[in-house]
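Line by line, the protein sequences give chains A and B. Residues in the first sequence are numbered from 506 upward in steps of one, following the working numbering. Residues in the second sequence are numbered from 506 upward in steps of one, following the working numbering.
It is worth saying that the hints were derived from the structure and are not from the lab. Certain hints may be false.
[Stated by the list, open to error] Have a look at the derived ranges for each label pair, beta carbon to beta carbon:
| no. | chain 1 | residue 1 | chain 2 | residue 2 | range |
| --- | --- | --- | --- | --- | --- |
| 1 | B | GLY815 | A | GLY763 | 34 to 44 Å |
| 2 | B | ARG538 | A | GLY760 | 46 to 56 Å |
| 3 | B | GLY515 | A | LEU689 | 48 to 58 Å |
| 4 | A | GLY618 | B | TRP709 | 41 to 51 Å |
| 5 | A | ALA735 | B | GLY815 | 33 to 43 Å |
| 6 | A | GLY595 | B | PRO638 | 49 to 59 Å |
| 7 | A | ASN690 | B | GLY815 | 50 to 60 Å |
| 8 | B | GLY515 | A | ALA743 | 45 to 55 Å |
| 9 | A | ALA743 | B | ASP799 | 38 to 48 Å |
[Unchecked claim] Which stretches of chain B does chain A cover? Using the computed rule of at least three CB atoms under 8 Å from a CB of chain A, they are:
| no. | region |
| --- | --- |
| 10 | 748-762 |
| 11 | 770-784 |
Every value quoted in this text rests on a predicted model; they were computed, and no experiment measured them. Where is the CB? At the ideal position from N, CA and C, for every residue including glycine.
2 protein chains.
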Amino acid sequence: MRALVLDESGLGLDERRHEPVVGDLPPGEVLIRPTRMGVCSTDLELCKGYMAYEGVLGHEFVGVVEAVCKDVDKAWVGRRVVGEINCVCGQCDMCKGGLKEHCRDRTVLGIMGRDGCFAERFVLPAVNLHAVPDNVDDDRAVFVEPLAAALQVVRQLTIEGRPYVTVLGDGRLGLLCAQVLSTLNATVRCVGKHEAKLGLCEKWGIKHRLLEDVGLRQDQDIVVDCTGSASGLTTAMAMLRPRGTLVRKTTVAPGQMGEGFDLSPIVINELNVIGSRCGPFAEAVDWLSREAVDVVSLISKRMKLGDGPGVLEQAGKPGVIKVLLQP
Amino acid sequence: MRALVLDESGLGLDERRHEPVVGDLPPGEVLIRPTRMGVCSTDLELCKGYMAYEGVLGHEFVGVVEAVCKDVDKAWVGRRVVGEINCVCGQCDMCKGGLKEHCRDRTVLGIMGRDGCFAERFVLPAVNLHAVPDNVDDDRAVFVEPLAAALQVVRQLTIEGRPYVTVLGDGRLGLLCAQVLSTLNATVRCVGKHEAKLGLCEKWGIKHRLLEDVGLRQDQDIVVDCTGSASGLTTAMAMLRPRGTLVRKTTVAPGQMGEGFDLSPIVINELNVIGSRCGPFAEAVDWLSREAVDVVSLISKRMKLGDGPGVLEQAGKPGVIKVLLQP
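Start from the sequences, fold in the hints, and give me the full structure.
Take a look at the structure:
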């Protein structure tokens with residue numbers, strides 16, 4: 506089958522990747538044929554060496570279950586699904602303590618120890634699946650994973666007294682976070698570098714500013730770093746008031762912090778930094794089903810698996826928000 | 506007068522530093538003759554270029570008020586005092602919001618915009634002073650500032666369900682934090698690099714381990730980074746369980762993070778990082794008065810102002826805990 510594969514030599518299109526065999530599905534797992542896939546900043550960072558991952562790339566998808574291992578409910582076959590990306594053991598202290606996303610023995614779809622979804626077929630445990638309602642089409646459903654990640658920010662924050670919130674970054678995740686946070690009792694603005702992307706905030710009625718026009722005045726109560734770049738942390742620290750909260754969504758490959766990088770504002774201003782990763786899929790499906798968020802406007806470009814590494818190149822271009830892939 | 510002064514050329518002993526003049530005391534301020542002074546890691550970092558500070562060094566002291574500005578209560582004259590190091594405006598949003606340590610227009614004794622206490626005389630606002638009870642001698646009282654910083658950690662944490670707490674670093678601040686935290690309903694250990702320093706924990710009945718003997722197993726609920734070194738953050742992240750809390754006391758001069766420095770564990774493990782700086786002086790005085798903490802054992806060496814830059818050299822040596830200065 507066709508697949509986008511990352512190995513020592515970089516990202517390449519493998520036209521003859523070994524296809525998962527129905528008879529050999531691991532216990533509890535299912536075979537999925539993806540119909541839409543999304544490219545994420547994490548994919549770009551993996552290509553730069555983040556996590557030292559090798560294998561099929563990709564973790565955002567909507568698809569159809571084609572087959573299931575014999576221990577899995579056959580009702581899944583033929584259903585349209587999205588899937589959580591952390592594949593967990595169910596036995597460790599994290600799993601038993603309700604933090605299965607942090608399972609100590611996990612594999613992660615297209616990120617750690619498990620082939621991803623940028624392929625004609627891939628496998629995932631049935632417990633990871635969420636059925637997609639009929640009123641959420643593929644173009645929307647493929648946003649469940651990043652929307653869940655945006656919703657996670659809300660779960661980790663306490664919003665009281667109408668705080669000033671800056672979403673830093675006008676990319677894929679930033680524009681989702683801005684939409685989600687703007688439903689709260691907070692004064693939310695999105696700050697980015699791209700007038701065209703910020704134009705979407707205008708359409709949604711969300712405050713927005715170009716980074717170059719914003720003073721770094723230590724006056725924000727909360728800053729969510731969705732920049733996906735090493736400099737985002739320094740900017741966020743400069744925007745936060747003392748005792749403010751920095752939600753960090755950005756992961757970058759090691760060694761990008763630069764020479765004069767300075768973390769002392771965290772101590773001097775007694776900042777609270779909260780790392781934030783994967784979020785609640787069921788909630789994200791619900792938001793899409795209620796049309797509580799606009800994801801279709803985020804689609805910049807549609808490409809095909811066969812376009813190979815060019816897909817990642819496109820997703821990395823300044824003007825581009827979301828690149829969707831079809832098989 | 507004699508003073509230890511940091512300028513472009515480094516730290517030096519100035520034998521003829523201009524002495525503060527009683528008649529010229531700024532409104533609200535008092536003249537203090539320090540009787541004991543303590544050397545802190547921040548002093549060492551300032552000498553490396555942290556904060557770009559120039560002036561008399563030093564912010565830990567106990568001393569006697571020699572004179573007061575005419576608008577200050579004369580009852581202070583002759584009293585033995587310690588003093589908070591942040592000199593604040595009282596007018597800005599931080600001061601009015603109860604966060605005066607974060608005053609936007611502050612100066613900080615021996616750290617930012619105000620000559621410090623490593624001198625024969627120095628000045629400080631009267632509102633910063635705390636009288637020292639007779640049962641707390643000078644050797645103990647000089648520890649009020651660092652003890653308050655240790656107590657601040659407790660203020661910023663929620664301790665529930667007997668968490669596993671590691672105090673990382675067996676230096677001045679680490680040994681104070683270990684003592685303070687061990688009074689809580691938590692399993693506390695101090696992890697450091699120096700057998701002799703950790704021996705104090707043995708004496709106090711506090712668990713302790715050499716760093717080289719400790720597995721970095723992501724199993725601690727809380728880690729307090731008191732290492733004062735750039736590598737402390739990386740070690741702390743490797744010790745914390747997912748969703749654990751890292752209290753950061755360490756400030757280092759910019760650019761020491763090293764090439765492969767990687768902050769991604771904060772996001773991947775959804776860590777909570779809390780910056781922690783100055784703490785409650787009144788509480789620290791009370792702890793010393795109740796003899797709830799052993800500070801005298803921390804004194805490694807007594808030196809004099811006249812020993813000049815050698816004082817900082819001594820304080821920076823591996824085996825040394827606290828260096829006290831006398832005029």
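**Item:** Cβ distance range 46 to 56 Å for B:ARG538 and A:GLY760, holds or violated
**Value:** Because 50 Å falls inside the window, the suggested range holds.
- Query: For the pair A:GLY618 and B:TRP709, does the Cβ-Cβ distance stay inside 41 to 51 Å?
  - Reply: Between A:GLY618 and B:TRP709, where Cβ atoms are some 44 Å apart, the hint holds.
Q) Quick check: the region 770-784 of chain B, covered by chain A? Criterion 3+ residues, Cβ under 8 Å. A) Three-residue rule met by the region 770-784 of chain B, so holds; n is 13.
Is the hinted range of 34 to 44 Å satisfied by the C-beta distance from B:GLY815 to A:GLY763? 35 Å, holds
Outcome, coverage hint (the region 748-762 of chain B, chain A; C-beta under 8 Å; three residues): holds (count 9)
Problem - A:ALA735 versus B:GLY815 beta-carbon gap, inside 33 to 43 Å or not - result: 40 Å, holds
**Message:** Looking only at beta-carbon atoms, does the pair B:GLY515, A:ALA743 fall within the given range of 45 to 55 Å?
**Reply:** 29 Å, violated
Taking 50 to 60 Å as the hint, is the beta-carbon distance of A:ASN690 and B:GLY815 inside that range? 58 Å, holds
*asked:* Looking only at beta-carbon atoms, does the pair B:GLY515, A:LEU689 fall within the given range of 48 to 58 Å?
replied: Once the Cβ atoms are compared, 51 Å apart, the range 48 to 58 Å for A:LEU689 and B:GLY515 holds.
49 to 59 Å as the expected CB spacing between B:PRO638 and A:GLY595, which holds or is violated: 58 Å, holds
Q | Verdict for A:ALA743, B:ASP799 (Cβ pair) under range 38 to 48 Å | A | 40 Å, holds
Checked against the numbered hints listed earlier, the structure breaks hint 8 alone; every other hint is satisfied.
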